[in-house]
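Let's have the full structure, built from the sequences with the hints guiding it.
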Amino acid sequence: MHFGLTEEQNMLQETLRRFAAEELPPQRRRDHFDEGSGFDAELWRRAAEVGLPGLIVPEDLGGSGLEMLDLALAFEILGEAAIPGPFLGHALATLALVRGGSDEQKSKWLPRLATGEAIGGCALGEEHDLWEPEDWSLARKDGRASGSKRFAEVGPHTDVLIVGLAGGELGLVEKDAAGLSIEALDGMDRSRALAHLQFENTPIDILAAGDGVAGDVMDAARILLAADAFGAAWKLIRTTVEYAQTREQFSTPIAQFQAVKHQLANMAMEAEPMRGLVWVAAYAFDHRRDEVAREAAIAKAHITDRVVQIGRDAVSLHGGIGFTWECDVHFWLKRALHDRTWLGSPAAHRERLATLEKW
Amino acid sequence: MDLEYGPEYADFRREIEQFLAETPKDIDRRSFLQSATKRGYLYRHIPKRFGGAEEPFDPIRETIVSDLFDASAFSWRLGPQSTGMIVPTLLEAGADWQREQFIPPTLLGDSIWCQGYSEPGAGSDLASLRSTARLDGDEWVINGQKIWTSDADEAGFMFGMFRTEPEADKHAGISYLLLEMNQPGIDVRPLRQITGATHFFEVFFNDVRTPANWIVGERGEGWRVARANLKYERNLGGGPRLRQRFRAVLALAQASMRNGRPASQDPVIRQRLAEIAGEVRCAETMTLRQLSAAARDEDELVVLPLLVNKLYGTEIGEHIAQLGFDLVENDGLLAPTRSTWDSVSASADETDWVDQYLFELASGIAAGSSNIQRNVIGERGLGLPRDLRAGGG
Numbered sequence: 345m346h347f348g349l350t351e352e353q354n355m356l357q358e359t360l361r362r363f364a365a366e367e368l369p370p371q372r373r374r375d376h377f378d379e380g381s382g383f384d385a386e387l388w389r390r391a392a393e394v395g396l397p398g399l400i401v402p403e404d405l406g407g408s409g410l411e412m413l414d415l416a417l418a419f420e421i422l423g424e425a426a427i428p429g430p431f432l433g434h435a436l437a438t439l440a441l442v443r444g445g446s447d448e449q450k451s452k453w454l455p456r457l458a459t460g461e462a463i464g465g466c467a468l469g470e471e472h473d474l475w476e477p478e479d480w481s482l483a484r485k486d487g488r489a490s491g492s493k494r495f496a497e498v499g500p501h502t503d504v505l506i507v508g509l510a511g512g513e514l515g516l517v518e519k520d521a522a523g524l525s526i527e528a529l530d531g532m533d534r535s536r537a538l539a540h541l542q543f544e545n546t547p548i549d550i551l552a553a554g555d556g557v558a559g560d561v562m563d564a565a566r567i568l569l570a571a572d573a574f575g576a577a578w579k580l581i582r583t584t585v586e587y588a589q590t591r592e593q594f595s596t597p598i599a600q601f602q603a604v605k606h607q608l609a610n611m612a613m614e615a616e617p618m619r620g621l622v623w624v625a626a627y628a629f630d631h632r633r634d635e636v637a638r639e640a641a642i643a644k645a646h647i648t649d650r651v652v653q654i655g656r657d658a659v660s661l662h663g664g665i666g667f668t669w670e671c672d673v674h675f676w677l678k679r680a681l682h683d684r685t686w687l688g689s690p691a692a693h694r695e696r697l698a699t700l701e702k703w
Numbered sequence: 348m349d350l351e352y353g354p355e356y357a358d359f360r361r362e363i364e365q366f367l368a369e370t371p372k373d374i375d376r377r378s379f380l381q382s383a384t385k386r387g388y389l390y391r392h393i394p395k396r397f398g399g400a401e402e403p404f405d406p407i408r409e410t411i412v413s414d415l416f417d418a419s420a421f422s423w424r425l426g427p428q429s430t431g432m433i434v435p436t437l438l439e440a441g442a443d444w445q446r447e448q449f450i451p452p453t454l455l456g457d458s459i460w461c462q463g464y465s466e467p468g469a470g471s472d473l474a475s476l477r478s479t480a481r482l483d484g485d486e487w488v489i490n491g492q493k494i495w496t497s498d499a500d501e502a503g504f505m506f507g508m509f510r511t512e513p514e515a516d517k518h519a520g521i522s523y524l525l526l527e528m529n530q531p532g533i534d535v536r537p538l539r540q541i542t543g544a545t546h547f548f549e550v551f552f553n554d555v556r557t558p559a560n561w562i563v564g565e566r567g568e569g570w571r572v573a574r575a576n577l578k579y580e581r582n583l584g585g586g587p588r589l590r591q592r593f594r595a596v597l598a599l600a601q602a603s604m605r606n607g608r609p610a611s612q613d614p615v616i617r618q619r620l621a622e623i624a625g626e627v628r629c630a631e632t633m634t635l636r637q638l639s640a641a642a643r644d645e646d647e648l649v650v651l652p653l654l655v656n657k658l659y660g661t662e663i664g665e666h667i668a669q670l671g672f673d674l675v676e677n678d679g680l681l682a683p684t685r686s687t688w689d690s691v692s693a694s695a696d697e698t699d700w701v702d703q704y705l706f707e708l709a710s711g712i713a714a715g716s717s718n719i720q721r722n723v724i725g726e727r728g729l730g731l732p733r734d735l736r737a738g739g740g
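Just so you know, the sequences run in chain order A and B. Using the numbering used here, the letters of the first sequence correspond one by one to residues 345 to 703. Using the numbering used here, the letters of the second sequence correspond one by one to residues 348 to 740.
Just so you know, the hints here were simulated from the structure itself, not pulled from any lab data. Think of the CB as a built atom: it goes at the ideal place given N, C-alpha and C, for glycine as much as any other residue. Do not rely on the hints blindly, as some may be mistaken.
To spell it out: a stretch of chain B is covered by chain A in this simulated footprint if at least three of its residues, at any positions, have a beta carbon under 8 Å from a beta carbon of chain A; those stretches are [to be verified]:
hint, stretch
1, 351 to 362
2, 514 to 525
3, 653 to 659
Structure follows, in structure tokens:
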């Protein structure tokens, strides 16, 4: 029994931390955030060099052949550094193909997704805040679909996207497909692309192989959003600790004041226990298939909910400057806000958990 | 990462289950403890010459044993002062003769201990304690008062911190002494809790005597000795206990009615249950991390979990108790009927949720109050500076 990380997993996180430090010094992060499209070609290319796009693609198709836990550990660093880019949509599209693609679909897309040459995206949400497969209503007939999807992680950079279809199936749509229009949104979290999509007789290829692929994609999304938020949590805590140790008022670092110390302690008390939850949910994805639905629902609801509070407390503890755009704290608060809302609110996932558990 | 325990531990688990199945149901606690120790299940980390089983270091085996013993009908746990405090302290810092004399009867429950630490004027600031011990020939003479002393009415012995070096600094003036409770000069008075029950006592010392060599460690080392038991007393956090409490409050929700249907079908109650489920799952995984690190001798990986264990458990316990109290509705108008140390048991029927809701307050007060926990988390966990205080220390 070993409930901890391997040396390789620690190295993966260290490599990605170094990548983030080199490629995303604070000013460059600010520039990306200001630009706001959630995509930078050069940054994506560099991320491809450290293997991020292909982590879960099988080795014989050009990827690293790793598991969901490794992907979650990578996503922790993405959240920790607030790295802009379509990593989530790409990971979900990749996963959908790995689990549910035909041999032809796999060989067409996975090698290019693995190298990052092709960028994946995903469109799951619909009107009225619906996200779950049983609520998808975009219908496909004779290989084409007309309708809309909302809050997709898709942009002009997306080469192939997975789309949630009525009946709980997943389809593939290619860039510049006929009748596809992408309306880019001005997202709260400017490090990730957001768009509403319109389909008008748009050709959609079904991901036919693999039962329950849609459920896998949803659980993976839950886990990766939780991992991202968890990374953001510790960044927020460490940044605030540093601030409190240097900011002086009444001739004393504010860290000396018990109220400040206790707020930070409460944040740490909330954040540290989440680490094991991310691990266990990601581990269950590959090793405890009868538990993953429950673990993923808990992880998404609990972690994203509490990390938003950590983000709000971090802003408060920074005082006036915490409320300014120039003080970077809001990047991570907004990262957490996106993680909390995308794919459904904590309340929605909690109600879903209650049903899964037959309370 | 591998959450499978493997065939060796599966076999061990079966072995323990078999042992429990074969043990007569009416066995007395002393015989049960002897039997379990003889087979190497209990007191694994304690040398045989002190009454232990002296088995190789294996926190996973220890956890399997304690989990299965807890789930069984056998009463096996001794007071926390005994196995959780005095035994580890003597193993760490006691003289050999003290270990030989005191540990074996303690492990069997023959010797019952109480702890003489807190005083009316020394709670969070324990080092400011004022009870004294003065050497008179070959005996210490003790005067003063201790408070919050659990089991003082039953205990045959006390271990305590007393000021023996009046000229020394606050911490350096304290010694760790052992003493017999049944003697003239000791006055034990019950403290009634807000729940109506009595679990704690005040102990008054009027020229109480104890042999000079019933000191653990050297004179003035008492503060260090009291903190030395960490190596033997692993705190793995409260995952399993919190899971049990969650199951109890869920059962209560399923058994209670609200708006004409079971409360567990009420959307608001479901949200609260699900929030608690998230916290409990986090606590469980944090316990598992600590068990894994203990088994692999990787304590440096779980510094923060160790620091947040108690506060996190207190917060979750509070949320569970609050929900339980809400669910019993008008029964909350009545005084608690059962006053057990821990009223939450697996079935909703057996739990006194009113008592639990009051008793839960103790969790954030005893053994290091929640605000002290926050200080420790901030200072030792996050590197924040210590509080400013008048007079230092």
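So, going through the hints one by one against the coordinates:
1. 351 to 362: This one holds; 4 residues, not fewer than the three required, reach chain A with a Cβ under 8 Å.
2. 514 to 525: violated (count 0)
3. 653 to 659: holds (count 3)
Checked against the numbered hints given earlier, this structure breaks only hint 2.
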